[in-house]
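Residue numbers (our numbering), protein chains in the order written: chain X, 14 to 130; chain P, 1245 to 1381.
There may be inaccurate statements among the hints.
From the structure, some residues in chain X lie toward chain P, with a derived Cβ separation under 7 Å [claimed, not checked]:
hint, residue
1, L55
2, R57
3, D110
4, I120
5, F122
Simulated from the structure, these hints should not be mistaken for laboratory data. Glycine is no exception: its CB is placed at the ideal position from the N, C-alpha and C atoms.
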Amino acid sequence: MIWKLFAIVILRTAADLSFKASVFGIRLSPGSGLGKSILQVLSRPFLWIGLILGAANVVVWSSALQSFDLSYAYPFLSFSFVTIIIGGRVFFNETLDRYKTLGVACITFGSLLLFLQ
Amino acid sequence: MKVIRFLCLVLLPILMTTSGEFLLKHSINHHQKVATSTAATVPIASGSPLRQPSAIFAVTMITLGGVLWLVAMSKYELSFIYPYLSINYISVLLGSQWVLHESVGWSRYASVIFIVIGLVLISRSPHSEVQKKGNLT
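Just chain P, with the same shape it has in the complex (with noise of 0.2 Å):
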């Protein structure tokens, strides 16, 4: 039962968040060549990439997974659950690189690591659970 609740509230919301923005960041980039000037930036406007279904069903996985993660928030202590969202950090890089062919210099692998310890060290914060207290997240 634990493991099942592990995987569908906190590993579940991370897999759907990272894939979700694959498949946004992909559907972007293959429209884009036909889009015209103003439906490339007006999200909502007719002719704009934001309205194919793939990009729908991309949004509406990133939000699904935030909700769980709100749920996720709630039922963890932060300190064991906010470490896991390195995962999206990481694995948003290598995706990039490896499936939508950015090329990812040093830097960007650099930050990722800053980002990575400044989470596992707010992660450590004794006061992050008096946050929580009260709260719905």
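Here chain X stands alone, though its shape is the one from the complex (with noise of 0.2 Å):
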């Protein structure tokens, strides 16, 4: 059962850059080109793949507290903010500086002491 929460942060992780996909390369600007912008996110194919992927993370995630404790699962969870700063950097060639890689580095040693009971 623990494939479900490996599992959840693969959704999270995949529907976090396809919204990142979505509004990339497009200025939201609370002006007169608001409504073309948003539009125009509406029609990106990445918008909807993301919602989609959300959605089933949470049909996941449901399950998955079926078969675990919260006081489990949710610290767990975190371990998507390693995979989605790796996807930043990997996709949208985003900056990992210091800050962020220690920050990754002690969430990451933070998921692994939850094995350890």
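These two chains come separately, so use the hints to put the complex back together.
Structure representation (structure tokens):
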């Protein structure tokens, strides 16, 4: 059943990267072009892929809660911060500085601690 | 106005997601005794604990809390609001112990302490704002 927790981390990461892709390169300014920008976002397939992945995430999470304590499963989800930051670096060329690297290391270590009991 | 905006955009989503998680877990725990094995594994099957009104309400709260949080991320600097996510982790742990009566050992507390340190470190990154430019969130 532990695969469900890994599946959620992957689904969350994929959903967030899809949302980022759906607004990537679009400037959302509160001026006259806002309606146009919103239509542009709505027409991007990545928005809809993100929404489907988000819905799948909710379903798998609910079913994971049937097998795990909340105090075990919930902190484990923080591992998605790690995968999302790596995804941001790989797909959107975001900067990975030492604060993020250290933060990612801390969260990884924290998630691994959950397996000790 | 500033205080009201902070309460509505930062603290309200935190309250909604954490109480939603408690309610969801509570309704699943309550139902499991009568659930069949198919209903327990297929979340949308009839007789599944997720079909209870309380579970549907909980999922709605979690989702709306997530949407509000996205709005907050567009209004505040990430370095300011990111550390508030720590409240989620700490309150979920305390609530699991006191409300749901889970046995929370030292490793879970240690884990959450490292997650909180990690979140604060990420929020200190001078590059957290750059990611936000031209982005809905």
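Hint check results:
no. : hint : verdict
1   : L55  : 11 Å, violated
2   : R57  : 11 Å, violated
3   : D110 : 5 Å, holds
4   : I120 : 4 Å, holds
5   : F122 : 5 Å, holds
Of the hints listed earlier, those the structure fails to meet are numbers 1 and 2, in rising order.
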